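K.L.:
Below are the chains, spelled out letter by letter.
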Amino acid sequence: MPSTDALLLPGEGADVSRRAFLQYAGFGLATAALTGCSRGPVQSVLTHTVAPVGVVPGRAYWIATTCHGCPAACGVLAKCRDGRPVKLEGNELHTLSRGGLCATGQAEILSLYDSKRLGSPQVEGASVKWTESDSKLRATLDKARAAGNVRLLTGTIHSPSTRAWIAKFGAQFGDFKHVEYDALSVSAIQDAHAATHGSRALPAYRFSEAKCIASFDADFLGTWISPVSFAADWAAGRRPDEQNPHMSRHLHFEARMSVTGSAADERTRLAPWELAGALSGLCEALEHHASGPERVSGSLAQHRLQHQLEVLALELWNSRGHSLVVSGSNDVAVQVLVNYANELLGNYGTTLSIARPSLQRRGSDAELEALGRELASGAVDVLIISGANPAYDLPTEVASVVTSAKTIVVHSDGLDETAALAQYRLPTAHALESWNDGEPEVGRFSLTQPTVPSLHNGRTLREILARLAGDERSEHALLEDHWRENVHGQFPGGDDFDAFFKRALHDGYVELEGAATEPVFNADAVGAASSDTPTSGLGLVLYPKVGMLAGEHAHNPWLQELPDPVTKVTWDNYACLSEARASELGVKLGDVIRITVEGGQESLELPVVVQRGQHDDVVAVALGYGRLGTDRFAGVGPDWLEGEPTIRTGETIGVNVAQLQRFINGQVRGDVGSLSIEHVGRNVTLAATQDHHTLEVPAHLAPKGGEVRDALMTTSLATYAHDPEHAIHRPHVPDADLWPDDHGKTHHHWGMAVDLSACIGCSACTVGCQAENNVPVVGRDEVSRHREMHWMRIDRYLSGTGDKVTAAYQPMFCQQCDNAPCEAVCPVLATVHSSEGLNQQVYNRCVGTRYCANTCPYKARRFNWFDYPREDRLQNQQLNPDVTVRTRGVMEKCTFCAQRIQEAKSEAARLGVPMADGDIKVACQQSCPTQAIVFGDMNDPESAVSKLSAKQRAYGVLTELNVQPSVSYLARVRNVEELEHSDSEEDHG
Amino acid sequence: MVESIVEEPLITGDKTPADVTRDVCRPLEGKPTRLWYVGFLLALSTLALGGAAVAYQIKTGIGTWGLNRTVGWGFDITNFVFWVGIGHAGTLISAVLLLFRQKWRTSINRSAEAMTIFAVCCAGIYPLIHMGRPWLCYWVFPYPNTRGPLWVNFRSALLWDVFAIGTYFTISLVFWYIGMVPDLATIRDRATGLKKKIFNFFSLGWRGTARTWSRYETACVLLAALATPLVVSVHSVVSMDFATAVIPGWHTTVFPPYFVIGAVFSGFAMVLTLMIVARKVMRFENYITMKHIHAMCKVLVFTGSIVALAYLTEAFTAWYSGSKYEQFVFLNRMFGPMAWSYWIMVSCNVIAPQLLWIRKIRHSLPAIFVLSIVVNIGMWFERFVIIVTSLHRDFLPSSWSDYVPTLIEFGSLIFGFGLFFTLFLLFCRFLPMIAMSEIKTVLPKRERKQSVDHGEAA
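If you read the sequences in order, they're chains A and B. Under this note's numbering, the first residue of the first sequence is numbered 1, with each subsequent residue one higher. Under this note's numbering, the first residue of the second sequence is numbered 1, with each subsequent residue one higher.
If you're looking for bench data, these hints aren't it; they were derived computationally from the structure. All of these numbers come straight from a predicted model, not from anything done at the bench. Every residue, glycine too, gets a C-beta built ideally from N, C-alpha and C. One thing to keep in mind: the hints can contain errors.
[Unchecked claim] Here's a subset of chain A near chain B, in silico, CB distances under 8 Å, partners left out:
1) 481
2) 592
3) 645
4) 695
5) 700
6) 854
7) 855
8) 864
9) 865
10) 867
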């Protein structure tokens, strides 16, 4: 080694040895290479001279926070790598969501990296710095303070600190009002409680306490209020086994086919305008049982569902105190009857409570309507809109008058329909990059922590209000100070504040303990209700699609490509018609119809989806489509000769139907109006992932005895209780093998069990898997060519006819067969069996013959037909560094999250402890709100998966092929009285 | 040579060995006819068009074909099996018929062998381009490598294909070439300049001595014996691509004989198509006589009937198996959404060849020509039916799908035909289409003229 001087300053006459020369050259080359590889610093770059505590490059760390995908506020843990979040998982400690996370929540991580989010505040269309927008806005507000008024329109805000800042902000104006609304309104429930209990509140529902559930068009497992916690509660009562063959009973009345309806034991078609009558009838029947005063009378005797309602009343009455009646109707009269029924049944305090009500929806449609009138009269000076998109998701009465305010300030994610109208556009900080808190139920507090520095320079509403007030404290300080002053005091006798706050941050939530008393029921509010049948005989049902909800997530490609659980259609909304109505009109899948609402000027053109099980007299259309700017997806999917773009520039994905909503008696209703429909004569291709909807093969192709496939087995509770061993039909499985078992799984044998009784088809697992395993989005055209890439799909099978139609869901993915047909056929050994029973796919060895996919009996393999890069390059930040990103020409499939298995094994080895059951949670299992999926080691007889697989309702799909799948399915049990005939004859495969 | 007084002579037109040499060498020595040019241009354009489609597909991805998550093979493997099948008649004619001393084969064996080689070339293209990453195609060969070494999967029927096709191509090429050496020498002797040099090189210094002829004939018989098992083995192996998979409609033990006989059937149909044109265009009516045509027609009727039996056996087995999946596949083939392809197959392969029982049809060249093409359409559809109708509706109804080929896929289909006909037309132009040396051995006995011709020594 030459001296440092010589190395740095090879001056004149310095003897540069060959070795030194090579050192210089090497240094120069390495420097050149390094500068060439890294992105040039945009601003000043600071290295971690002192690394953040606990952050190890390449090692994941978790931050407890709260999901802001909807106001349900489920607890999540954000998995971060190298300073950025890559995956959201449910927080198992959280007492509401208990570890589950819905499809929307799973997809939130991608929205964080949306490059189309607003990057800086805009004033009159020009991008400015926050300081500038603050001072201009302050001037505007000063003017309003002197003479004028300010209105704040937001979605539900249950953040106590934000509400405190709103109160503070409002107090400086003479005329200020804060109006909250929910695009998926449950305002009527709160107003009904105002009438019956004297407090406008949304009850906290406890489905786990309910032995009998009657739902009147409330899709509580799919989209209603807080589906994750409701599904977890619901599923708790629906796991019968041999020792305890009991489960809750769930009866469902609805107009369209929803996930909740398909999960129910009995499902009855009921049009929205029949809800009032049916609930009146139910209450009347309950009154008979209760033998109290008759407040609702006369409607039951001539009701078309008289018998069913009487049976329902009896069942509910038999479970009184542990039953629950819910309705998704936004009609106060209907909700009053629901309250009355629950009161008659004595359910307040057990299955639902307004002593500690839910704050997950606080919107008031009456106040919204009043604001609409005020706007229309031109009396609003400054309208501040935060976290809401009224120009898009509200009825025309309000949507069209937003612009009547003299100044509009919009605080939003991106340039949405409302922001487009605004003078001030203020970017929102994503929940994963900001501090926040929440109170989804009175007494339950959750905290939101930033997982990454702000990517787009956004601010929370609280920060905006604080800055306007001249408060320059940091976000963290704002939150912490609020908690010190206001929240900590509600938890007396506990830790000091610092410990309390630290614990809250660590867990993600804190909650008050102890009971509160239920308010007294005011029976005088009760009266029979009725509503008008549409004059044309055809009514409208507007519903939120799972994942997409009211449209706030329309810019998320994962959710756009997520098949609707019931229709299996992606990338579009459409008009669902019943089979009878479709054949009467002479339309089939994809035919475009024109829908005109009587008395309305506009008409909409939508393609048809024929949906079995839907009420004949309704047209059901999903909300949340037709969002401005969804033509951004024009670049999604491959560009090739015959390829169709996902969307053409200037068009939108689907059609917005929110304008068809109406204010009726102060509530926003999507189920009103009389419709006429006509066939336009065009046909469009809808991208659906499933074409054949039943387990029955087409009748004219059915061999004798082979009319029905038994991939998804169902039995009734009565059959199961009577003879659990023979409750399901088991195919003959060959018991002798020609070949010796050359896959000795001596250490671990990974397996999975899926409880089809608990699976509700919500598709959270599909998106969870997509996030974990870098599954690409392929675009509408590719999906319509049946080239979707989801490793985890939900097979949906409809059964029954007419009123008895139901749907069952089966998560389907690689079954990790022990005798895998795919392994034998690959010429290059790109798919091989591991010593732990995994069927491994070696991407970099795959040459892409597709032989394995052909021979897979489950069709669980997915091929990269093209390169499917992310259209939004920023979203590459979300890619899981533990999982290879596949290129074109390569086969891929579910690996049982091999990377998680490996990580858990390494961790166990590092700690020197044996692995315990539950150490590994695969992505789909983790996300499942109902814990329908269990993963574990089948070599361990005490593991949960072994115990489940040993249950008598466990079976394997296609075991008669002797492929020996490692996945057991637990037959779906419906709580019905009928004994289902089980074919005892063995079927030889 | 024993000459029958009742049978018609194999070669008509009272040809002398010198006539044979002159007739066979004529297309090689003169300028090609206008018809040849038209045909060659057509074939070349097809090849170029198909080549463009294939190049586009390799550049862009397999997605340019109409395949999907359920139907992973479509035109690609259909074309592959079709072309492998076409090749079979060549080997059968040159090797098996040689061993069985069927003299009538001499007129057509050279072209049939050429057809085999070109068909195998075409067949070899498809497994290559159907790969998702064709640039890594060499990974299917078991060779020592630096990746572990990472070996191939000897349990995979696709790998057996690699060996079967490789062996087949090698043996066929060697057999064809060795058989051609005396004729190449004849051309060498007649040529001048560069052409003479080239043919001199390829005729391996052939001198036509008795010892050379003796060695030559031994080699031919040995190679024929080597090639004979290939007639059975190659398509048996190809059939195992399907038979060893669990998919109903594929998982069938009858497949090896079923595929072999289908291959012979389609191969003879292709030989007929080519010979009917060639004898006309090349003016070889005296060499490829109606007798040859009739012999091939008989083979067609025979193999066609066995194919029909195979279809029946397959359907019977499905019914008898009691497996609902098997039974469904056959009902779905016959009456499902792709039933049209099944009925095309049955009409072309079962019904059409039976028309050859009718003497009038058997004696009408246009009718035979049309039938030979019909049979090949049918045989293409047979492979399509096996592949696509089995895959598109298998076990789980949730994954049932359809299959609509794209334009690019049709491009890949015509690519094979373009390549085949281009090669075949080049062969007609540059190599002796008829085995002169062998023909001379079956010329009708006649008063011998003084001959200076080479091949006559045999």
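K.L.:
So, for every hint listed, does it hold in this structure?
P.N.:
Against the structure, the hints:
1. For residue 481 of chain A, the suggested interface contact is broken, since its CB lies about 55 Å from the closest CB of chain B, more than 8 Å.
2. For residue 592 of chain A, the suggested interface contact is broken, since its CB lies about 21 Å from the closest CB of chain B, more than 8 Å.
3. A least Cβ separation of about 15 Å between residue 645 of chain A and chain B goes past the 8 Å threshold, and the interface hint is therefore violated.
4. Hint status for residue 695 of chain A relative to chain B: holds, with the closest Cβ pair at about 6 Å, below 8 Å.
5. The interface hint given for residue 700 of chain A holds, since its Cβ lies 6 Å from the closest Cβ of chain B, which is under the 8 Å cut-off.
6. At its closest, the beta carbon of residue 854 of chain A sits 4 Å from a beta carbon of chain B; the interface hint therefore holds under the 8 Å criterion.
7. For residue 855 of chain A, the interface hint holds, since its Cβ comes within 8 Å of a Cβ in chain B; the closest pair sits about 4 Å apart.
8. Below 8 Å, beta-carbon pairs count as interface contacts, and residue 864 of chain A has one with chain B at about 7 Å; its hint therefore holds.
9. Interface hint status for residue 865 of chain A: upheld, as the beta-carbon distance to the closest one in chain B is roughly 3 Å, under 8 Å.
10. The beta carbon of residue 867 of chain A comes within 7 Å of a beta carbon in chain B, closer than 8 Å, and the hint placing it at the interface holds.
Of the hints listed earlier, those the structure fails to meet are numbers 1, 2, 3, in rising order.
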